[in-house]
Amino acid sequence: MFDVVKQAKGLVAHGVSACAGCGLELILRNVLDVLGEDTVVIIPPGCSALFCGFGPEAGMRLGGFQGNLENTAAMAAGVKAGLEAQGNHHTTVLAFAGDGATADIGLQSFSGMVERGDRVLYICYDNEAYMNTGIQSSSSTPMGASTTTTPAGKLTPRKDLIAIAVAHGIPYAASASVANIPDLRRKVQKARDTAGPSLIHVHAPCPTGWGYPPAKSIEVCRAAVNTGAWVLYEVEGGRTTVNVKPKELHPVADYLNLQGRFKGVPADQIERIQKSVRERYEALVDKSV
Amino acid sequence: MAHDKMLDGNTAAVEAIKAARVKVISAYPITPQSTIAEKLADAVADGALDANYVRVESEHSALSVALGAQMTGVRAATATASVGLALMHEIVNAAAGVRAPIVMPVVNRALASPWSLWCDHQDSMAERDSGWMQLYCENVQDVYDLTMCAYRIAEDCRVQLPCMVCLDGFFLSHSMQKVRVAEQAEADAFIGPYRRHNSYIDPEDPMIVNNLTSSDEFTEMRYQQSRGFFAAESVMEEVFAEFKEQFGREHHMVEPYRLEDAKTVLVTIGSMAGTAKYVADLLREQGQRVGVLKIVSFRPFPYRQVAALLKNVEQVAVLDRSAGLGAQGAPVWLEVCAALQSMGLNVCSYIGGLGGRDISMDTIRHIFEDMAQECTQVYENPAWIDLKEHPMNIRQVLKHV
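Chains as they are written, first to last, in the numbering used here: chain A, 1 to 289; chain B, 1001 to 1401.
Okay, chain B solo, but in the shape it has when bound (with noise of 0.2 Å):
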């Protein structure tokens, strides 16, 4: 039967993968998350895991190795972070577009510059576009649980898209907590066997895959990806509701947190969801009708359920952990203005937490009480809301000395 183990993020991941019975693995350290490559590797060397282990020497070949290995027929894994997942951006597109189900942990780190070792979601963030889901974690469970799930709705026929399972670099990666773990026999009947799909490299059923190809079938193609995100969203909630069912776990693309009858909502992302829901319960037991909402799937984006769930309520913020650079206020910030557009609310946009900066209790109850300033706002929007007290003036070049 399951059992409980006392896991951090990274080896939940590992246990989520080895559960899958991967049969190529292929990986480059990076701080935080080389201990999915240690870890994958001591698998493969004590015989727990029957696969090729590939040593690379890049982020770019390690998921050009996945992408090979996959394509010829078994599941593939790797895993990355921050200016890793940047190298790999040529091969997560090329990954997309051939339809490669890959699943691929992604340990949210900053990207350089300036150099910073911690949480921060413009690694993913930037990569939101290419063709891949993602799913983002709120703590360890959710690392182990959603792991689990993206192998069956990546692979699913009606998808047929890679999958980054997004888990805050320190936050949950080193962050050791409870988890359920299933045993082998459940994770097969779960996640099952690898199938391969449309197109594969085979010496006996040979085909040439991803040659040159015209304006003629381009934009059929892109659709076709579009056409899998939209399955996605319907095969993500029966893929969840399975899991629950074998499980008893409950995963959504979107979780509603105390929304039944809040006037102010907070939407947010990752780990910091939880600290947020933690606030909300503080807030609520004050009697202030709060509520928080959490984005699972980022992509696809869940924009009906987010309209829907916040549809009764007066005002709604979204704490955002990347910057979005020159855009009007931060990547999940534009996604929840896109989806409540019909709404006629304002919706403000706090960036925090950048470069592993900690979202406390504080910072979530001074965005509550920034939001019940009605039309007293402080802050410019977006609102960097736990920018220092003199941002443009942090060091002192002093010369001569």
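Looking at chain A on its own, in the form it has when it is part of the complex (with noise of 0.2 Å):
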């Protein structure tokens, strides 16, 4: 065994048993150096659990709860319903839940927090598959992407999860990367200051599940910025900004062709893929302001 001699530097323990190359943990590291001690957590099995640690053991610094997997968001609810009933009205109270926990079975009790207007800060770490169970397709899982339950490639495209929350009329809603984090942190600020629920989706990499070196992890990242295949916007009282806007949209090739998962998606799908990722980008330039 190891003496820790050092107190970590985050509220996040410097010895946590993610993967290596993890977008995951870069994400929640940096989230809870913008949020700061008065924040508690809500936490659901999967991949994140990792950070409520091990038996006696702890992975962050920080009150926090591990609920079930649907129910990140009722279980946020309630903490922020109990905390100001006892007049606490400043700790944020933050749910931190994968694409499966959010827009699979934890979609029904998102869409309510988000229809009665409950102050949680909402943040869905997107690795775009069941990963911590071993790659099982998600519905946040692309058109065309391999995993072991569409092992021939998903054949329907993902689901619009900021759309779903915008159709709420939810107040503040963005996506983000970790392959530009001061744009992750100013969202998670605004996020915070935001007097209703708020959403933010985080594009979170996984060399595993993605198939690609672990240190290619923010180049990965990148090139899906790049390429238009996950846009940087935000959508505030409704009004849409894309935050970034590359001067030409690279060919999302540039973005497949570093990830194992997309191997064997053939050409005439590229196309496709190529053509809803291009038209889904020009949308959100359209809106936005």
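Just so you know, the hints here were simulated from the structure itself, not pulled from any lab data.
Check each hint, because a few of them may be wrong.
Derived contacts from chain A toward chain B, CB cut-off under 10 Å, selection only [as the list claims (entries may be wrong)]: (1) Val41; (2) Gly63; (3) Phe65; (4) Asn88; (5) Leu155.
No residue lacks a Cβ here, since even glycine has one placed at the ideal position from N, Cα and C.
Bring the two chains, given one by one in their own frames, into a single complex with the hints.
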């Protein structure tokens, strides 16, 4: 065993068992660095649950609760209601869940939380499949991606989580990426200061599930932004702003070809993916003020 | 001073929840629980109750919100019935495991399928090993009293377990009865303020609750829950004694009725215990030495008291309001048999009152008559006491008409 002689610099312990190159760890460290100690966090089972620790050891220096897979938003709403009932209107209640726990099994409780207007900062780290259970497809898995439950590639496009939240009239929703940490940190600050529910949907690269060397996590995510496969934008009070507009979108193949999960995608499907990526990007830019 | 009101069971539950000054309410409507959700909303809206009302989108979220709120150190309330409780099942176990002493009225209603709106205990019986205490009410006063007591018992640091207060759908939830209701000051003196213990969510004193736990500690955590149930047996009687001193009404984990010289005893639970007591009175007038044993606390099950109370009895039967499918008998019968295992008694299992079928005086009389026929029982065991004559042939499907 090692003796820990120095406190962790941030609120996350310095030795956590995230996989090499995991984007999730980078996200959580930055999010908690912005939010500070006056934060409590609800985390469902999944990759992020490792930050709750194992047994008597916690992975964060923070109040928190590991809830169930589908009730992150409801647990967070309950915590907020309980704190407010005791006159605590300052503590940030952070819900931190993956794409499966948000867009699939947790969508109902997320919808309830947003519709009621509960002041919860909800961060969905999206690694685009059920990575913790072994890379099974979720509704956030992009078209063409091979997973253990879509071995021949996913046939349908992903769910648009931000559009779903915006359809509820959410006061603040944004996408973010580990390829642009200053943008992520600015958005966390904004979400925290929103008097109501907020959503940050962060692209969270997974070397194991996406099939690329761990050292390339940032490169892969930057390619997603540069090709328009992951658009950095925010919707504030219904107003859309695209935060990063590449001079010219790179071909989507520049992003797909970096990853093993898109290896078998036939040329005609790449064309369809290219078309839908471009159309979505242009639609967001058109809406952007 | 305390005063009498005409209340139905759901309103009595609401009165007790208000008396406990809950700070967060999350509720989702389901027949026959809905008026609890409505009346709590009214109480918050008109200022009678200073609480946050979270209008959730499902029972799963109702208990999740209540659990999140309770973990911050306040009393949280929700209530449910039937399939709503089934939907909560995952969080029912979660709340028990983190020792959140939530008190929750369960308005007993049959589980689908087939669809039924009416009384049956299968919903709460399906949760009997989930780590919640369960108290069953005979009448509307019980709903009020047992809910008040439930807060004290659940929150006692020797117990620290959540508690369901089970009331029969419609028979109690929608039945108006005279109920003695305490003044707020009296309720405050009895229930007291909420005090959190052990684990909580507090930014000032951070801890992570409910993380992954290895087999190295899991068994011990379950064992600690079992010690909570063990302690609950004496805490319940302490709390009931204090309740009697303050409010004058007597409650026990198990209630003997005319057992003093009884030869034949019917053990039962819920509102049908009232009918059973009435029939026992009538049979006593005819010189029959019969009695009734009412189970109030099903979890923890008062097995020592049951054995002690039935030690001189010759015949025992149990009437259950749930089917206990696939088992040798229904749930209450199984517990009674286990309690009496060393006594060598043949305990009959009767099943009745399912899906709202009325347990009438005749049904109870029929059970006592059947018990009196030594070794000539016409029924199979378990005996479906109110079964129709041709149970396998109740509907005819007409085609091409």
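Consistency of the hints with the structure:
1. Val41: holds (8 Å)
2. Gly63: holds (4 Å)
3. Phe65: Holds, because the Cβ-Cβ distance from phenylalanine 65 of chain A to chain B comes to roughly 5 Å (cut-off 10 Å).
4. Asn88: holds (8 Å)
5. Leu155: violated (30 Å)
The structure shown violates just one earlier hint, number 5.
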